[in-house]
Amino acid sequence: MSRRALWSLVLAVALVLLAIRAFTGPGMGRSYVSDQQMGFVQSADGVWEAAPDGVTPTISWTAELSVPPRVFYAANAKDPKQTTVHLSLSRTLGLWAAAFFTLAILSFLYADNPCYKVAEAAVVGVSAAYWGIVGVWDVLVPKLGGALLPLYTKAHFLPSLTDVTGNWWMLVPLALGLMLLCRLVPKVASVSLLPLAFVIGTTAGLKFISFTEGDLLAQSAATMKPLYVERLGVDGALDLAMTVGASLKQTLLFVGVICALAYFYFSVEHKGVVGRAARVGIWYLMITFGAGFGFTVMGRIALLAARFEFMLDDWLWLIDPSGKRVVALTAGAGEVLGQFAQIHSVSVW
Amino acid sequence: MSLLERLDIIDRRWIFLLMALAVSIPIIVSGMTGKTFPESATPTTQTAFDTIESLPAGSKVLLAFDFDPASAGELQPMAIAFTRHVASRDFDMYFATLWAPAPPLIIETIKSVIVAGHPHMVYGVDYVNLGFQAGNESVLKVISTDFKQSFTVDARGTPVTSIPMMADIKSTEDFDLIINLSAGYPGCKEWVQYIVSPTLSGDHGTELKLVAGVTGVQAPQMVPYWPRQLKGMLAAIKGAAEYEALVNASLMEANPGLIISPVFNEAQRRMAPQLFGHLLMVSLIILGNVIHFSRKRAGGTAVKALRSTP
Amino acid sequence: MTRQIALIITFVSGFAMVASAFFKPVEHWGEDVAEWFNVLAAIAFVLGAANLAKVHLEKISSRSPGWGYSGLTIFFFTFTFAVGLMKLGVHPMDKFPAVAMSGEKDAEGSAFWWMYAFVMSPLTSTMFALLAFFVASAAFRAFRAKNVEAALLLGTAFIVLLGRTFAGVVLTGWLPESLSFLRLENLASLILEVFNSAGNRAIIIGIALGVAAQSLKIMLGLDRSYLGASN
Numbered sequence: 001m002s003r004r005a006l007w008s009l010v011l012a013v014a015l016v017l018l019a020i021r022a023f024t025g026p027g028m029g030r031s032y033v034s035d036q037q038m039g040f041v042q043s044a045d046g047v048w049e050a051a052p053d054g055v056t057p058t059i060s061w062t063a064e065l066s067v068p069p070r071v072f073y074a075a076n077a078k079d080p081k082q083t084t085v086h087l088s089l090s091r092t093l094g095l096w097a098a099a100f101f102t103l104a105i106l107s108f109l110y111a112d113n114p115c116y117k118v119a120e121a122a123v124v125g126v127s128a129a130y131w132g133i134v135g136v137w138d139v140l141v142p143k144l145g146g147a148l149l150p151l152y153t154k155a156h157f158l159p160s161l162t163d164v165t166g167n168w169w170m171l172v173p174l175a176l177g178l179m180l181l182c183r184l185v186p187k188v189a190s191v192s193l194l195p196l197a198f199v200i201g202t203t204a205g206l207k208f209i210s211f212t213e214g215d216l217l218a219q220s221a222a223t224m225k226p227l228y229v230e231r232l233g234v235d236g237a238l239d240l241a242m243t244v245g246a247s248l249k250q251t252l253l254f255v256g257v258i259c260a261l262a263y264f265y266f267s268v269e270h271k272g273v274v275g276r277a278a279r280v281g282i283w284y285l286m287i288t289f290g291a292g293f294g295f296t297v298m299g300r301i302a303l304l305a306a307r308f309e310f311m312l313d314d315w316l317w318l319i320d321p322s323g324k325r326v327v328a329l330t331a332g333a334g335e336v337l338g339q340f341a342q343i344h345s346v347s348v349w
Numbered sequence: 001m002s003l004l005e006r007l008d009i010i011d012r013r014w015i016f017l018l019m020a021l022a023v024s025i026p027i028i029v030s031g032m033t034g035k036t037f038p039e040s041a042t043p044t045t046q047t048a049f050d051t052i053e054s055l056p057a058g059s060k061v062l063l064a065f066d067f068d069p070a071s072a073g074e075l076q077p078m079a080i081a082f083t084r085h086v087a088s089r090d091f092d093m094y095f096a097t098l099w100a101p102a103p104p105l106i107i108e109t110i111k112s113v114i115v116a117g118h119p120h121m122v123y124g125v126d127y128v129n130l131g132f133q134a135g136n137e138s139v140l141k142v143i144s145t146d147f148k149q150s151f152t153v154d155a156r157g158t159p160v161t162s163i164p165m166m167a168d169i170k171s172t173e174d175f176d177l178i179i180n181l182s183a184g185y186p187g188c189k190e191w192v193q194y195i196v197s198p199t200l201s202g203d204h205g206t207e208l209k210l211v212a213g214v215t216g217v218q219a220p221q222m223v224p225y226w227p228r229q230l231k232g233m234l235a236a237i238k239g240a241a242e243y244e245a246l247v248n249a250s251l252m253e254a255n256p257g258l259i260i261s262p263v264f265n266e267a268q269r270r271m272a273p274q275l276f277g278h279l280l281m282v283s284l285i286i287l288g289n290v291i292h293f294s295r296k297r298a299g300g301t302a303v304k305a306l307r308s309t310p
Numbered sequence: 001m002t003r004q005i006a007l008i009i010t011f012v013s014g015f016a017m018v019a020s021a022f023f024k025p026v027e028h029w030g031e032d033v034a035e036w037f038n039v040l041a042a043i044a045f046v047l048g049a050a051n052l053a054k055v056h057l058e059k060i061s062s063r064s065p066g067w068g069y070s071g072l073t074i075f076f077f078t079f080t081f082a083v084g085l086m087k088l089g090v091h092p093m094d095k096f097p098a099v100a101m102s103g104e105k106d107a108e109g110s111a112f113w114w115m116y117a118f119v120m121s122p123l124t125s126t127m128f129a130l131l132a133f134f135v136a137s138a139a140f141r142a143f144r145a146k147n148v149e150a151a152l153l154l155g156t157a158f159i160v161l162l163g164r165t166f167a168g169v170v171l172t173g174w175l176p177e178s179l180s181f182l183r184l185e186n187l188a189s190l191i192l193e194v195f196n197s198a199g200n201r202a203i204i205i206g207i208a209l210g211v212a213a214q215s216l217k218i219m220l221g222l223d224r225s226y227l228g229a230s231n
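Protein chains in written order, with the numbering used here: chain A, 1 to 349; chain B, 1 to 310; chain C, 1 to 231.
Check the hints yourself; a few may be wrong.
So, partial list: chain A residues that the calculated Cβ filter (under 8 Å) puts toward chain C [what the hints assert, rightly or not]:
1. PHE40
2. ALA44
3. ALA63
4. SER66
5. GLN82
6. LEU140
7. LYS143
8. SER190
9. LEU196
10. LEU206
11. LEU216
12. LEU253
13. TRP283
14. VAL297
No more than 27 Å apart at the CA atoms, straight line, and that leaves these computed lysine-lysine pairs for BS3-like [stated by the list, open to error]:
15. A:LYS117 with C:LYS59
16. C:LYS217 with A:LYS154
17. B:LYS170 with A:LYS154
18. A:LYS271 with C:LYS146
19. B:LYS111 with B:LYS148
20. A:LYS187 with C:LYS59
21. B:LYS111 with C:LYS95
22. A:LYS187 with C:LYS54
23. C:LYS24 with B:LYS170
24. B:LYS111 with B:LYS35
25. B:LYS148 with B:LYS170
26. B:LYS111 with A:LYS78
27. B:LYS60 with B:LYS111
28. C:LYS24 with B:LYS148
29. B:LYS148 with C:LYS54
30. C:LYS95 with B:LYS296
31. A:LYS225 with A:LYS249
32. C:LYS217 with C:LYS24
33. B:LYS148 with B:LYS60
34. B:LYS296 with B:LYS170
35. C:LYS54 with B:LYS60
36. A:LYS117 with C:LYS54
Since the hints were made in silico from the structure, they are not lab data. Keep in mind the model is a prediction, meaning the values are calculated, not measured. Positions of the beta carbon are idealized from the N, C-alpha and C atoms, including for glycine.
All chains should be modelled from the sequences, with the hints used to inform the complete structure.
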């Protein structure tokens, strides 16, 4: 059997198993929502408020809040005809899309393939649009719109805006921003040097102060401390072992900083005392990089575990560590679990 | 071909498979049994916990979520644990972020901790979501002297001037504690540089306290700031697990009979795949070295044999 | 001429920030300039998005290799941008139900939220997680204790990897209290707080010196590399 045929067979078997699991028993990869009816009426003084019971609202809609499957099971156990908590087709589809994209990225481990490339195209497109939209709604509308077109902004986007006097100084960043967009037009691209100069100048000014104050001075001060560190025991007397330990730590720290700095100091040749100090400095730096490596591995494995947990828990429903579907597993536990479900109504993703 | 030689040229996809198994099998086992390893707090975690415990009632805490979904696997359990701790002490909570993809993570945390566990808390009075501000450290520069100039509206578009709990906030110095969850730039380092360090000179009255939860990549780089500029730090998922255990223990001590929901054991649960992932890494490095040195020795012997041949 | 103006802008904006840190009466200079910077940063997000669209559209029009994937990128970009801009599926704020666009852009259930939760979030987190596999493979192939320095790096990594999990407790938990400092979890803490702290502190101090000097050079116009080649 060729390798291609073998992989096709494996994939087909996996798909069949997936289909069986998805459409039999409690299923898998389903997302549920709870409907919340929202209705509003306008009072005599023009203020909108929630419509009281029995009053037909002027404006109404249904909000859907994600709930874990156990809430659906509990609601159905109480009233099998209820429709308030129900399956959400769009979010179920979303869950499967998330699983597909996860697998598509992981498929790169085997070899580069079209699925991975599709996922790559999706992440680039969605991320760029996400950042752009966040910039528009979180900054440009409230800050530029609120300052330069306050009444329009209040009427259409930020109805709770109280200060509608405007701030014409915001024309400065607007002008700089427009110049920045000139980058897209080759003929006038050189104009974008001006906002770039503003960004570089501001950043330089900011960093000059912060790195000097927060890093250079504060870190030097944290190093230049007495090497003898006194430690007292619970009885108030000198604890010799603790004192020796703390003093040794402080000495090692001090020596380490000086030696590592000696290694970075290239204005003198690394010979004699400086050379020996630099050599010790390298050892310190190697230990530092070793710790960095260890923690990096830790971080990456944690992220991988989170992804696997999503696949095994949220999508495949093979495990349920946080009790999202606990009602399904313990039928008849009704009331208590229903309360538990309400208290911990976290969304699926 | 000897076994070591075969291992030396092994297809890397076998290593990938081993890593996948080392991480997924413990997830399945711990997911089914619900068992976790006992955790004892390291000094950086303990000082983070103690700093929050030492705050008086009514303290104002700014929670800065500077991370995105890519690092949520490490930082979201910390965010949940920090928020639980702060909410259980009835402190005023101010959520904000300098990372554009973070606002949904803030909403998720508020939903799972405050809305679900502390329904008596009122938005705008006990907690507020100030959302995202663009500009990185430049935002920090502004809020260090005039908070409302940068955060003009909250995440819902309500002007901060009409939010009751914002009335006393003029600058970051009005907070009793800042908790930062940091996945890189801008993050913990910038909060240390722009917000905390200027208050250390004593010219600004009291020193501002900063506690952070950082990713594994960042943790070693942030340690030099501890304990002076950074009062406490949760380092990677291990720090999250330690902190989770501390918070759970303190809540159970304060409320005898309280049953902790498994939702709040996420980081502790993750220490199982972590253990086996680390063991695999160590084994792979050792095996790689054994192969290298045995081949070197064999090569050396062969060369010697070649040289001694007339 | 543009370059001269650019140099003046750099100088003025930079020293406005510096002056605001030293002189209380002009503190608001720093705030104002920083606030303009923040707005400009948001416009830069839009520029970035537009630039991405431009690059991929060019790729499509020139039918360069992989242009189909560029088409997909444009599709995902346009769809996300459009639904975000229109706030598709976002309900108005409870207090202002008559203002259709008053709701949060990423409210749960909206199309923009869907793209974030089910596309962007799993994709970015899996991409980061992927590195666990490559780190493992690279460590197997390249992490060799060839000399003292490499051995130190490797030994430290072992202690941190084992000491930060339950393996540390299993392997060295039996050590008596008097030798507790040799337990792997304590050794890992010692490495982090002393040796790693010293190494990283030296790096921090070195970088701080470099950044301060470079910032001064930029503000004073001694470093003009950011302006590109002189025309």
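Going through the hints against the structure:
no. : hint                   : in the structure
1   : PHE40                  : 4 Å, holds
2   : ALA44                  : 16 Å, violated
3   : ALA63                  : 6 Å, holds
4   : SER66                  : 7 Å, holds
5   : GLN82                  : 20 Å, violated
6   : LEU140                 : 5 Å, holds
7   : LYS143                 : 5 Å, holds
8   : SER190                 : 5 Å, holds
9   : LEU196                 : 7 Å, holds
10  : LEU206                 : 5 Å, holds
11  : LEU216                 : 4 Å, holds
12  : LEU253                 : 5 Å, holds
13  : TRP283                 : 6 Å, holds
14  : VAL297                 : 6 Å, holds
15  : A:LYS117 with C:LYS59  : 16 Å, holds
16  : C:LYS217 with A:LYS154 : 44 Å, violated
17  : B:LYS170 with A:LYS154 : 25 Å, holds
18  : A:LYS271 with C:LYS146 : 24 Å, holds
19  : B:LYS111 with B:LYS148 : 25 Å, holds
20  : A:LYS187 with C:LYS59  : 21 Å, holds
21  : B:LYS111 with C:LYS95  : 20 Å, holds
22  : A:LYS187 with C:LYS54  : 16 Å, holds
23  : C:LYS24 with B:LYS170  : 16 Å, holds
24  : B:LYS111 with B:LYS35  : 26 Å, holds
25  : B:LYS148 with B:LYS170 : 7 Å, holds
26  : B:LYS111 with A:LYS78  : 25 Å, holds
27  : B:LYS60 with B:LYS111  : 20 Å, holds
28  : C:LYS24 with B:LYS148  : 18 Å, holds
29  : B:LYS148 with C:LYS54  : 36 Å, violated
30  : C:LYS95 with B:LYS296  : 75 Å, violated
31  : A:LYS225 with A:LYS249 : 12 Å, holds
32  : C:LYS217 with C:LYS24  : 25 Å, holds
33  : B:LYS148 with B:LYS60  : 16 Å, holds
34  : B:LYS296 with B:LYS170 : 67 Å, violated
35  : C:LYS54 with B:LYS60   : 46 Å, violated
36  : A:LYS117 with C:LYS54  : 20 Å, holds
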